[in-house]
Amino acid sequence: MPPSWQVEFFERLVAASRAAEPALASAKSHPRKKIASFAHPQVRWIECAFDTNRITGNTQSQVLVIQCAVKRATEIDGQALQAELHDAGASGDVRIDDGLVLLQYRWGYGQGESFPLHDPRRVKELIDWTHAALRVVFRHLQRRQTLITPAASATDAAAAPDYALALEKYLEDLLVDGWDSLTWAASLQYHGRQVPCGDLGFIDILAQHRTTGDFVVIELKRDKSDDEVIGQLSRYMGWIAEHRAAPTGVGVRGIVVVHEVTPRLRSAALPLTMVDLYTYDVAVSLDRLDLPGRSHTDGPDAQTPD
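Numbering-wise (the numbering used here), the sequence shown opens with residue -6 and increments by one.
Hints listed in this document are in silico derivations from the structure and should not be mistaken for laboratory results. Quantities reported herein were computed from a predicted structural model and do not represent experimental measurements. All residues carry an ideal CB built from backbone N, CA and C; glycine is no exception. Some hints here could point you the wrong way.
[Stated by the list, open to error] For lysine-lysine, the following DSSO-like pairs were computed, each having C-alpha atoms within a straight-line distance of at most 27 Å: (1) K64 - K27; (2) K64 - K21; (3) K117 - K27; (4) K64 - K217; (5) K117 - K21.
[Unchecked claim] Ranges between beta-carbon positions, derived for each pair: (6) D166 - P113: 32 to 38 Å; (7) T255 - S278: 36 to 42 Å; (8) G286 - P113: 55 to 61 Å; (9) G206 - R259: 26 to 32 Å; (10) G286 - A81: 55 to 61 Å; (11) D112 - R203: 26 to 32 Å; (12) S218 - T49: 27 to 33 Å.
Could you build the full structure based on these sequences and the hints that come with them?
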């Protein structure tokens, strides 16, 4: 089966990025998710995807979207970054909210329309915009790094690491990075992360069932209460139903990902037939590597002779 036009475009974008300059050489294509990603030391993740307008919710406006989630919100000066993007001619649609940078380039209308890959001028135009936008963001981050120094207290340094909190902080990254290998995600087409829902907030992960076409809203419980996560999920499902699902005649399902299901959460989700609960578990395994010339009695588990 030939690749989709989205995959073909991102393969061209990745090739052009790697040939452009070292700052863009981290470009990587993800064919199954139909996106491209970039890496930067001050950023948690950067993704490029084709989608309908995420800022206005207009399902008829097709855009190329760049989403960038910085590690610390203080490394972004929203007003300054917007001015820098405008001066560089790479503004498009811009939304900056608590360390999440959303940039959009409008290229077409109508959900069934494909980007004109046969037109080299249009392809170059879109690739050039992507490069220009990322260069501005990267330069902005570099300048901010010299201005903002994180404060580290003695209490923080002495505190024992809370691995549960650390895992929840990066759970979204783990799920998205491992999307292609997740059994339960095999039937889901990945759409994006931190997808804005008007003024309601941001969906952790948005997907769509490959067979039914139903949208799937995925929320991670993190530090939210049981009632908060169910209420938030319901609001996001309602927004997606109104603005994205209804115009295309499909449904909406919801998933809550949590480390442990409490009786309260189970009871809250039970009457919601379109909501499923998923638990996660992470295990660490150490496998010893046999090295030439060593016996199994040479290691730390060797038996001490009597």
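Quiz item: Looking at the structure, which of the earlier hints fail to hold?
Solution: 7
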